[in-house]
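Peer 1: From first to last, the protein sequence lines stand for chains A and B. Just so you know, this note's numbering puts 382 at position 382 of the first sequence, and the rest follows in order with no gaps. Whatever position you read off the second sequence (first residue = 1), add 1000 for this note's numbering.
Hints listed in this document are in silico derivations from the structure and should not be mistaken for laboratory results. Hints are supplied without guarantee of correctness; some may be wrong.
Cut-off 25 Å, straight-line C-alpha distance, at most; resulting in silico cross-link-like pairs (DMTMM-like, lysine to aspartate or glutamate) [said to hold, decoys possible]:
1) A:LYS281 x B:GLU1040
2) A:LYS569 x A:ASP511
3) B:LYS1310 x A:GLU275
4) B:LYS1008 x A:GLU434
5) A:LYS227 x A:ASP73
6) B:LYS1008 x A:ASP511
7) A:LYS462 x B:GLU1040
8) A:LYS462 x B:GLU1038
9) B:LYS1005 x A:GLU434
10) B:LYS1214 x B:ASP1280
11) A:LYS281 x B:ASP1006
12) A:LYS195 x A:ASP129
13) A:LYS281 x B:GLU1309
14) A:LYS462 x B:ASP1006
This is what each chain is made of:
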Amino acid sequence: MASKPVEQLSQVIVRFAGDSGDGMQLTGSQFTSETALLGNDISTLPDFPAEIRAPAGSLPGVSGFQLHFADHDILTPGDAPNVLVAMNPAALKTNVKDLPKGGTLIVDADAFKDRNLQKAGYAANPLEDGSLEEYQVHAVPLTTLTVGALKDVEGVTSREAERSKNMFALGLMSWLYGRPIEPTIEFLNAKFAAKRPEIAEANIKALQAGFAFGETTETFAVTYEIKPAKLEPGTYRNITGNQALSMGLVAASKLSGLPLFLGAYPITPASAILEELAGYKHFGVRTFQAEDEIAAAGAAVGAAFGGMLGITTSAGPGVVLKAETIGLAIQLELPLVICDIQRAGPSTGMPTKPEQGDLLMVLFGRNGESPVPVIAASSPSDCFDAAIEACRIALKYRTPVYLLSDAYLANGSEPWLLPDVDQLPDISTTFATEANGEDGTFLPYLRDEQTLARPWALPGTKGLEHRIGGLEKADRTGNISYDPENHDLMTRLRAQKVAGIASDVPELEVDDPDGDAKVLVLGWGGTFGPIAAGVRRARKNGRPVAHAHLRYLNPFPRNTGDVLRRYEKVLIPEMNLGQLLKLVRAEFLVDAVGYNRVRGVPLRASEVAEAIEAMVDQ
Amino acid sequence: MSTMKDFKTDQEVRWCPGCGDYAILAAMQSFMPELGIERENTVFVSGIGCAARFPYYMNTYGMHSIHGRAPAIATGLATSRPDLSVWVVTGDGDALSIGGNHLIHALRRNVNIKILLFNNKIYGLTKGQYSPTSELGKVTKSTPMGSLDWPFNPLSLAIGAEATFVARAIDTDKSGMTDVLRAAAAHRGAAFVEIFQNCPIFNDDAWDFVRDDKEGVNRIALRDGEPILWGADHEKGLRQRADGSIEVCAASDPDVLVHNASHPTPSLAFALSRVTQERDNGTPVGVFRNVERPVYDDLMSEQLATAVEKRGSGDLAALLHSGETWTIS
């Protein structure tokens, strides 16, 4: 179709940036859908402010979406864009510093007017003052072209016509990188055709006009092609972490045979899980939007008492409120999964930005000796498997389990090789149906010898009536007990039960292709992509290095100490000030070193590589 | 058919001698069999406080949870298990102070739970601090110069939250309390019952004006459909002023109010809840409000059924493959 010369590229990183009202998230996700269908590997990073619509044209109102796509497998959304699309001066100002010299810059020339320039803090128009000389600048009057293309569409206000400029930009970018626009046309029809067909028509016309503009204008001399990536055979879909986590919970419900009950209170960046699960009522999923975070957790505990798969989801400021309820679940020894979609803290912090700051809170942020297993997902699609695993452990060991994700995994997306449903693990559990005591009594705290889990007897089961509660329990009977020896015993039993899970999870695997590395990089959770990419780079630069990534933070895999002691040096990159580092040093007496950044953005692969190389070269 | 004995546990009851909780427990244990609900289908959930020990003494399923959160926990249980009879036992500090938020939300949602609030106007388990129902100026360990807090009227609060069933009973009045509990159990939806309960240690005699009132001088018995008459010789009545508030009148007054617990708006019940010993030298007891409204648990079950009807029972493989997919061979 393209009549211009086609240049081959192996990978491109595009960033769309504009005002919060400019539809940049939609533009980015549609470009992602088009790209996914071409079979490229993809990784995306939406980056938006917590404010829904900060004043138009202002710096805090800028919303961005970065997309990395390639003809080979990639691990991150990319450190820096090759192409920046900036819809106004504020978007240019906040993003251009990330664009390397020589990078491509596409701007809406119409938006570079006095008032917008002033709002962004530009004294002079950067399109005219030579400050952008080092970039390949394409100043396209996107707004004028869009409005011109829509002049014949009836029933659309001039403001609505202007707002279609994001689709013009998408059309232009689709042409530039040879993406098909048909999926977006279908999407627009499905979204608007029923209620406002004229809006669908306007957006589609703008999209097509942008595509045609690319072909005819002299601004762009070439078009690019990125061949499909050689990914593992199978069926794929693009998925965000929150979607994958939601589907994982639904899968866990099916695999366990227990109906899912979600108690949640809206909070960024976890709300999408509540919204997603609310759409799965035909799976028997009950979603309860509670009056607060505490009630959300409490209702999930109540549902678990009744035999449901009890789940509660939140982010740091909400999780901290749930602490007392989680302590109750520890004492009750009932299954519960708490999903903490971590965001930058403390307090309200930066609600839309990722951080790994909650690890020590979920491990230790409760009164008393109160051990909880902790699992962390490592990529958007891994949230699916991590959710199933968290439910498996909760059900098998009758314990609350923390599942950690973060704002990057939650909103970021990647292609997901869809699993064969029949190959998913069986996580079914059993309920107590008859008395287990010698004299026909029911002993709610008589433990399974192997797992130390207690029986789960549901209300409605005749003859097993019993009372449980937050007060210390007598061993076996579960009656209230203040006996000193009993409390010591029960405290140790609860700790042993959680520690024993180590024998039920896989050993920590090490990626050390040549086996000659002296340095080990140890990560956990959502930093997998940048760390693995950094490791690749360091190896390419001639530095042998091993990489291990923890999914289980409590208990650690049983071989963790052996792995750590096998290497001369251990580097632990984290998006916090060294929380895993502290645990590793305390637990294994290993003199590990941290690489820590808390900027509210994912670690950069290039920086991780530099840190590795510096350590190898020491 | 179960008996009172079946509802007793082997646990030693650990309330103070003379505590009003004993009478409530006895009334509950003797009343449960007549409900015809099997023990195993009954669950008592409580928070923290003296009243919260209640579940340990009922031989049903039970959970003694955390301070103030029982309505939230019971909401999760009742919503996922509509087959159960779920009761919440709470106190004035548990329900109205630390758990105030959960209480009003459970009531407005109309979750099918029965909430019994043992009100003794004091913190007992923490040994005698003033509670959210203690009167202004109350001298306690934490208020040596008198409380500065204006108290909650629990019934006004519940009615303000548009609870569909609101009633009041007295710990020592076994037959009156049983009538109220029977009506609460029969109500589908959230039922809120305030029980005047005496704490002999930290706030003794707080309710003497109605507890000891055998002659009915101070009790105003509410009977649905009957004129509200009271006093030693039933010489007094209640009537509504033009502004909707309620005042005391003579029994012969032509405007004596006929009690209507199922009045569609909560205003009448609210006005009745403002009739107090302090203001009117009389205290209404019985069922203030009893109306039907869609029940949260039922609505949720209906939505699940509708979703299955419309979309078929959820298929996991289909879910994973929903949206745009592509295949690499």
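Peer 1: If any of the earlier hints don't hold here, list their numbers in rising order.
Peer 2: 1, 6, 11 and 12
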